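*Asks:* As you go down the protein sequences, you meet chains C and G in turn.
In short: position in the first sequence from 1, add 23, done, that's the numbering used here.
In short: position in the second sequence from 1, add 1482, done, that's the numbering used here.
Heads up, a few of these hints could be off.
[What the hints assert, rightly or not] Only part of the chain C face toward chain G is listed, based on derived beta-carbon distances under 10 Å:
id, residue
1, Ser72
2, Leu102
3, Ala143
4, Arg158
5, Ala159
6, Ile175
7, Val178
8, Glu187
9, Val218
The hints are simulated quantities; they were obtained by calculation from the structure and are not laboratory data.
Just so it is clear, the structure is predicted and the values come from calculations on it, not from any experiment.
Glycine included, each C-beta is placed from N, C-alpha and C at the ideal position.
Below are the chains, spelled out letter by letter.
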Amino acid sequence: VALLGTRFYVAFDALAVSAATVAEGFGGRRAGGFVRVPLEPGALAPSPSGTSLARAEEVRAAVRRAAAALGGSRATLLLPDGVGRVALLDQPEGAVPRDYVRFRLAASLPWPVSEAVVEALPAGRGRVVGAAVRRAVVAEFEQAAVAAGLEIEQVHLAPLVALEGLMRSRPREAVHAVLGDVALCLAAFRDGALVGLRSRRRDRSPGEAERLREEARRASAAADSGAFVVSGSGALRLRRDLGGRAAGNGLDGPAEWPEAAEAAWLGGLVA
Amino acid sequence: VSRQPDFATSPRPRRGPAWDAAAVAVAALLLLAAAGGAWRARAEAGVAHARLDEARRGVEAASARLRSLDVRAQARGARLLPAADALPARVVADVASVLPGDVRLERLSIDYARGGAVEMQVVARNAAAWDRLLERLERAPVFREVEPGPEARDGEVRSLVRARWVGGGQ
Chain C
24 VALLGTRFYV
34 AFDALAVSAA
44 TVAEGFGGRR
54 AGGFVRVPLE
64 PGALAPSPSG
74 TSLARAEEVR
84 AAVRRAAAAL
94 GGSRATLLLP
104 DGVGRVALLD
114 QPEGAVPRDY
124 VRFRLAASLP
134 WPVSEAVVEA
144 LPAGRGRVVG
154 AAVRRAVVAE
164 FEQAAVAAGL
174 EIEQVHLAPL
184 VALEGLMRSR
194 PREAVHAVLG
204 DVALCLAAFR
214 DGALVGLRSR
224 RRDRSPGEAE
234 RLREEARRAS
244 AAADSGAFVV
254 SGSGALRLRR
264 DLGGRAAGNG
274 LDGPAEWPEA
284 AEAAWLGGLV
294 A
Chain G
1483 VSRQPDFATS
1493 PRPRRGPAWD
1503 AAAVAVAALL
1513 LLAAAGGAWR
1523 ARAEAGVAHA
1533 RLDEARRGVE
1543 AASARLRSLD
1553 VRAQARGARL
1563 LPAADALPAR
1573 VVADVASVLP
1583 GDVRLERLSI
1593 DYARGGAVEM
1603 QVVARNAAAW
1613 DRLLERLERA
1623 PVFREVEPGP
1633 EARDGEVRSL
1643 VRARWVGGGQ
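Taking the hints into account, I'd like the entire structure generated from these sequences.
*Replies:* In structure tokens:
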């Protein structure tokens, strides 16, 4: 029962605009519908500093189709991996998370920090996942949604939504690769806690699965003995490439909608 | 509930969840029901107050009546006769009504402390007149316990007669 209401999510990425309705209750969340509207190559290219919606009208049309398919009007937008800077930070006692993240990320941003929207996601054990997105980039996606007839409720980052789902599931020894269309996050877990986080652009050329596995090994000393889990865009292909070296289905979306299998953000929401 | 940070350029207040609205609605209904109950209770309290006042007035009246009866009962028990019930004029009139024409009343005393004891000093012209006086006194319903005193018969009969005046109410 959707005691806490039903939310309509619209997720942008390079290959498609996806949308889902998610009912929220005290027992957790449950997806009520999912739709994926593919985009022509080049229409949307997630960028942390420049224009992401190269062909904005195509993206707006995809948003309209997704909203029409699920009957959504008030939407929570999910920005794709690759538009922001994400890092795991040890937070000093007494520090205000957002201010501390702003302080720590300021020097590494390719744009002035005054232009950034900075937020923090609690990661447990005195750590936070800090994230910064350029305000102009957020506004670009917001304008596309508004132009498509949506009222915006909130704006989240897709990789943070997936990470929150992973943290809720408290994995033991594992490295999770959460894949977006153009960027990915490698999250290392030990004893149920997030202990390492890397974010970078994807190289989808042949051999990606093996390169990811090597990177996971470097990301966490636990990766050799622990599990390596792949979720998100292209995860099905990568798992095939890895054979028995990939464990589990990670943050696969609900099986009711085959196209949702690679929507790690939705897997994270309902995890 | 999600802890997801909001990156919106103009963050909007979060939409209240459905159960919030339901809880507010239920609370409003409960408030209305409580207000209705309080209003009814207040009206009932008003009626109860009126009944209580009425009962209190009844009790006060009954208490006054009881006190009055108590005084009378005590008076009866102690053979006290309230002066209001035995005005001297009434006693004198009753004595006069039984006094034969040939009997003269020389002195009359009324003792209220002894239950309306009447003491009459009379002079009868003769013994027959004296006897008639005693007879009338004994027949009169307003007198009881008639006790003739010692007679001094020297043509006239001079004596003291005691009785108890009970009036019309016994």
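*Asks:* Would you mind marking each hint as holding or not holding in the structure?
*Replies:* Comparing the hints with the structure gives:
1. Ser72: Violated, because the Cβ-Cβ distance from C:Ser72 to chain G comes to roughly 15 Å (cut-off 10 Å).
2. Leu102: At about 7 Å, which falls below the 10 Å cut-off, the nearest Cβ of chain G leaves the hint on C:Leu102 intact, so it holds.
3. Ala143: holds (6 Å)
4. Arg158: holds (6 Å)
5. Ala159: holds (9 Å)
6. Ile175: holds (6 Å)
7. Val178: Cβ of C:Val178 sits 4 Å from chain G, so the hint holds.
8. Glu187: holds (6 Å)
9. Val218: violated (19 Å)
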